[in-house]
Every structure is written in C-alpha cells, then in structure tokens.
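Novice: Hey, can you work out the whole structure from these sequences and the hints?
Protein chains: 2
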Amino acid sequence: MSVICSYDRLFKFTRAVFTSIGCSEVDANLATKVLLAADIRGIDSHGVARLSGYVRLWEAGRINPNPQVKIVHETPSTAVVDGDAGLGLVVAPFAMQVAIEKAKIAGTGWVSVKNSNHFGIAGFHAMMALEHDMIGMAMTNASALVAPTFSIERMLGTNPIATAIPAGTQPPFVADFATTTAANGKLEILQRKNADTPLGWVQDMEGGISTDANVLKKGGALLPLGSDREHGSHKGYALGSIVDIFSAVLSGASYGPWAPPFPAYVPMPENMPGTGLGHFFGAMRIDAFRPAAEFKEHMDNWITRFRNSKPAPGHEKVLIPGDPEREMESIRVKEGIPVVASVIEELTSVGKQFGIEL
Amino acid sequence: MSVICSYDRLFKFTRAVFTSIGCSEVDANLATKVLLAADIRGIDSHGVARLSGYVRLWEAGRINPNPQVKIVHETPSTAVVDGDAGLGLVVAPFAMQVAIEKAKIAGTGWVSVKNSNHFGIAGFHAMMALEHDMIGMAMTNASALVAPTFSIERMLGTNPIATAIPAGTQPPFVADFATTTAANGKLEILQRKNADTPLGWVQDMEGGISTDANVLKKGGALLPLGSDREHGSHKGYALGSIVDIFSAVLSGASYGPWAPPFPAYVPMPENMPGTGLGHFFGAMRIDAFRPAAEFKEHMDNWITRFRNSKPAPGHEKVLIPGDPEREMESIRVKEGIPVVASVIEELTSVGKQFGIEL
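Listed in order, the protein sequences are those of chains A and B.
Just so we're aligned, residue 474 is where the first sequence starts under this note's numbering, counting upward by one.
Just so we're aligned, residue 474 is where the second sequence starts under this note's numbering, counting upward by one.
A couple of the hints might just be wrong.
Copies of the same chain are indistinguishable here, so a pair counts whether it falls within one copy or spans any two.
With a Cα cut of at most 30 Å, we get these calculated DSBU-like pairs of lysine-lysine [what the hints assert, rightly or not]:
hint, residue 1, residue 2
1, K807, K790
2, K807, K825
3, K659, K783
4, K790, K691
5, K666, K769
6, K543, K666
7, K691, K783
8, K659, K825
9, K769, K543
10, K807, K666
11, K659, K807
12, K825, K691
13, K690, K783
14, K577, K543
15, K506, K769
16, K825, K790
In short, the hints are calculated from the structure, not lab data.
Specialist: Below, the structure written as structure tokens:
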C-alpha cells in the first residue's frame, strides 16, 4: 500500500510546506534536503513521514521558522550553539559547519547544541565532514521512550550516534544507529502490519517480556541495545546516556525524561532543566593525525578486508556500515521513493492546509 | 577456589615483576597501579591475571621495557603518539596526559596511539580526566576474536570504549565496556566452572548457535553487542569497527584481523599493515562548553533522577554506569582481592622466574 513518488516531486512539495510555515527560501531548501536524505537512504521513519509532525510543532509554537542560530560560547576546538527553537533540520547543519571550521584550524571541532528540535537522520550531518577529508560525528537526544536496565520508566530517547569516515577508492564508512535494540520506526512498520516484535525489542509497563508492537501506547518501553542485562543492555543504556549528556547536559538543553517530546499533542514535561532538544557534533581532520592519502589507502584496505571476510552460510557477503543505505539510495534515485498510503494521506492533508498540491 | 590478597601485597609483587623485566622504578609503579585498578574494581580478567601474559610478551621480544614514548605528529587539539613497543600500561597514561594538556589550551584533546600493547582497563585512562573537570574517553583495539554480522571470521577485538564524566556531589559517571555482548573474561569464568554461555554470546566455526564457553578454541567467535542482526549486532559491529579505526587506522597501528595477539604463543599475523596495537584517547574540558559548576550541578540532577527512576519488579534500584565497580572497590579496599587458584599458581611461577616471593 504505497505510492511511488519521485525525489523531485517530494522535494518541491516539502519545500513549499516549509516555506508556508515561514521559513526563508534558503532554510526551506536546506530543511528539505536534510529531511529527504532519510527517504532516499531508506530510513522511511525519519523523512516525509515526519513532515506533518514538524508542522504540528510549529502550530504549537514550538518551532521558530526564522531562528537566529548562533554560537554562545567557544574555544579553539569547541562551541555551544543556541538553535533559537529553529528546525533541527536547519540548526544541525549550521552547528556541524561550525565543527568543521574549528577542525580546519584546531585539528578537531566539537559542538554541543541547545534549544533545537528533531534534526532528521544523524548520518546526514556526520557525512558533511567527508568532503573535507574529516571524520564526522553526530548525535542527538530525543523524546524519552527507552527504559534503563532494571527500570520500567522511560528515561532516554532512541539517541542515535552517526560516524562517517572517509575512504579512498572505496565508499566511506557510515554508521548511523539508534542506541536501542530497534528504533521506533521499526515498531511503526510492525504496527502497520499488525505483526509482533521479536523478543528483546520492548518490555511492558511492568518490565515484563513483550512482543506487542503497540506496547509504547500501553506504558511499555523500548529496550537499550543489548535487550537485557545478560546480553549487555547496560552497555546500550550507557551509550544512550552518553549521547544524552553530550547533547544536552553539555549544552544546556533539556535531558533524560525532560527532553521535549516530538509529538505536539504530548504535553511538555514539567520543570524542564534546560532549553529544547540537544545535539552534539564532531569533526576530526584526518591530517591532524596522519596524511589523508595514507589514511584513505588504509581505509580502502580495511573496507576491502572486512567485505571479503568469510561470510556465514546463507549470506553472500559481509557488509560494511553504510552499504545498505547506499544500495537503497542507488535504487530510489532511479525508481523513486515508495511512500505508504497513510503518509500520503497525511501529506495531502498538510498540503490542503497550505493550498499545496502533492 | 581463591586466595584473598591485600592490594599492598599484590602491588609489591607486581611492581617487582615489572622491575625485573627491566622497567624503570617510575614505569613499574605506574604499570602496577594501572594493572591493579582492574582487580580493585572487580574486572578480574584485566588485572594480575594478565601479569604472566605481559611477561611472556616481554620474553618474546614484543615488549620494550624502556620505551621512548613520544609525540610524532600534532595540532592544537590532536596528537599521534608512538609507544615504542612499551607496555600499554605505561604508554596509555602518557597519551591520555597529552590529551589533557591539549584540552587545557584548545578546549579538547584527541590522541591516537600506535606501536603499543595491551593497556589494562580503559576506564582507568578515561578517569584521569575527572580531576581536571574534563570528560575523558579511552578505547583500544585488541586481538581479533569477534566476527562481524553475517561473517564467520574473527576480524575485531573486544574493542572497549570508556567514558568518564565528572559530577558534583554525586560520584562520576564511568562507563567502560567491550563492544561485544560479553567480554572474553566472562567466557573464562564460565570455562573454569565448566558452564555453558547464555545464547547470543558466541557462535561456532560455521556461524551456528553455540553455548560452548570453549568455542574460541574451536574456531568459533565472540558476537558483537546485539548478538544477531535482529537484535542490532550490526550496531555492535559498527562500534567495534569505529574503535579499531580511531585507534589503529588513524595512528598507523595494526588493525582488524592484523592486530597483534595478546597471547605470546600465537604467531604474529602476516603482512601487518601497521605497527603494534592502537589506542585512542579524548579529553574535553567541561568549561569549554559551559561553566563546570553549572554542568556538575546538572550531572548531579541527571544521576539522581536516573537512580530514582522506577525499578522493575525484583530490582531494588536502578544503577548508573560505574556503580558496580565503585561498590566492588569499596569492598576490596577493605577486605582484599580474591585471586583464583590458577592465577595464584601462574603468579607463583612468574615469581620463581625472577626470585620474587608472592
């Protein structure tokens, strides 16, 4: 039940929506590019499927379409950026660019961001470093859906970490993943199919074993990467916590269970200890460590060796991080992006609101 | 089957062994302090249990007891350190100190190390940052024991990541974990008990499901954090890869399946693409982002809120990373360190070699 849309068609529509809520042309273009990077790479939960969510946040007065994004504190290799309640899709590339500029001079750049909103896929921002022969990193905190090990309370977001590492003749190494066993988008896909989750993805409101894809609506929680203590969930819990602290406690954003929820209908938490959502970005110049050409030659060797490691029976080849998204991108650029019926409906309704045809 | 040894007794013995292989007094003291940090914190696999392993590496000519550890490349926020084949226990604190000094001036410091050896527990080095009101990070690559997702070849080490974050009145946040479902030390404990592993820790040489704690001796492999694809093993695989690349490809150490094996009886891999083992360290000055007092107040709030999150039935409280090791340390400082009989035997034999009594 999905409709194939060309990238161009989705781009024009999305840009018109961002313009309609008051974004400048430059910002609307950038926000659209970042948002659609998810659809084109196959991370359907983070692309146009979220467009109506951003519009609802704007209606609720939680998104400033014309933010004065600025550096509020800095040293040679660090900065704190205030996103002025702008779209994370615009604030994040600004902050990543600051990290890159710092790295050009100091070797590395590290930027923590407060007062922002959902920034699309982390991978987009990390990959901005690649063309500068830099390693890029991006992370963000998010609405609390994840219970720490031994807890039944939702305290952390799915808090993704993205890392992009340039190679030479090989494509870059691009890892971009939620610090949970499964991201929320995977649950949404199962919900649409009326299917159960595998064991180890979620727990019910009492902390019991569950395979109910709708368990979050019933007080349940997502589980940290590792699923349970015996399989290392305390490591996933630690990773999600580090993302929360780097993104929000370092910058002055709201952290843990106080992170502002993405759905506009969810009331804001009381006594928030900071401002808005937080992100964290890093850029490391390769030649701050060794000559870039030398490094990239070794990355080619690394990638080739891992790709050619012995596959397990039933698998043709071993992948390197970024392979599945690259393959999806090459298909979708040619064949278009399948958008599920419910998202088409949402987009049509958002379009009507502003007099834009999909 | 273990003997309780006081910290002092183990310290004097270990230091005498390091002196006997030719370390200076300063280096022997430091190496002992780092090594025993594992025993005192309850990470028994990384403490005196490895002392004979270091001696065997020295006998094999793979450890230089008097290294000229030095910076071979640097920028304001980065450095590459050549460990000159020294004990990682000595090379790592040197490199972490370089990161701290860089951070004092540039806001952050990031140091990649080549030509080193096993560095003990990652947490020790990360925690060096705490007293400077800095966040510390430490990671290292290691002998290949871990199969990537979809592979049956051992390509990565257990490649740990440690992150230490200062707080105010609360104890610091200290995460230190292997990027696998279970560390090799956990397998060793089960081997001694003749017990099976839980499902999801290891696979056999054909990539099949296994619960055999001795499977590594039979061509099997440890599994990345996440255990299988459905539970996110591609994320653990990516994390282990990032540690490998930051530690070894950035510095010029040997990476992936070419990482030098810790057991001296295992032949060195052919065609090694770099020199020795690699590490990566980071230090970020808190006040390069916001005033340290303000940050630490929020960390206290973060820690208290997480500790007081609703526990699951059957659990008294929710822990924060570092709690179990701190509890163990407070017990072992008072009551001594239990050393299992087989390790006592090994230590006694090493002692005899140098005429030192345990």
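Novice: For every hint, state whether the structure bears it out.
Specialist: Hint check results:
For the identical chains of this complex, K807 and K790 are intra-copy neighbours only, at 24 Å inside a copy versus 53 Å across copies, given an alpha-carbon limit of 30 Å. In this assembly of identical chains, the alpha carbons of K807 and K825 lie at most 30 Å apart only when taken from the same copy (29 Å versus 71 Å across copies). Proximity of K659 and K783 under a CA criterion of 30 Å is satisfied in both settings, with 29 Å inside one chain copy and 26 Å between copies. Taking the shortest alpha-carbon separations for K790 and K691, only the inter-copy value of 23 Å comes in at or below 30 Å, while the best intra-copy value is 40 Å.
Proximity of K666 to K769 under the C-alpha cut-off of 30 Å is found in neither arrangement, the shortest distances being 43 Å within a copy and 46 Å between copies. For a Cα distance limit of 30 Å, the shortest separation of K543 from K666 qualifies neither inside one copy, at 44 Å, nor across copies, at 59 Å. In this assembly of identical chains, K691 and K783 lie within 30 Å of each other by CA distance solely across copies; the values are 16 Å between and 43 Å within a copy. For a Cα distance limit of 30 Å, the shortest separation of K659 from K825 inside one copy, 29 Å, qualifies, whereas the shortest one across copies, 59 Å, does not.
Proximity of K769 and K543 under a CA criterion of 30 Å is satisfied inter-copy only: 24 Å between copies versus 34 Å inside one chain copy. Within a single copy, K807 and K666 get their C-alpha atoms as close as 27 Å, which meets the 30 Å cut-off; across copies the closest is 57 Å, which misses it. For the homomeric pair K659 and K807, the shortest alpha-carbon distance inside one copy (25 Å) is at most 30 Å, but the shortest distance between copies (49 Å) is not. In this assembly of identical chains, the alpha carbons of K825 and K691 never lie at most 30 Å apart, being 33 Å within a copy and 64 Å across copies at closest.
In this assembly of identical chains, K690 and K783 lie within 30 Å of each other by CA distance solely across copies; the values are 18 Å between and 42 Å within a copy. In this assembly of identical chains, the alpha carbons of K577 and K543 lie at most 30 Å apart whether taken from the same copy (19 Å) or from different copies (24 Å). Taking the shortest alpha-carbon separations for K506 and K769, only the intra-copy value of 28 Å comes in at or below 30 Å, while the best inter-copy value is 38 Å. Within a single copy, K825 and K790 get their C-alpha atoms no closer than 47 Å, and across copies no closer than 51 Å, so neither meets the 30 Å cut-off.
The structure fails to meet hints 5, 6, 12, 16 from the earlier list, while all remaining hints are met.
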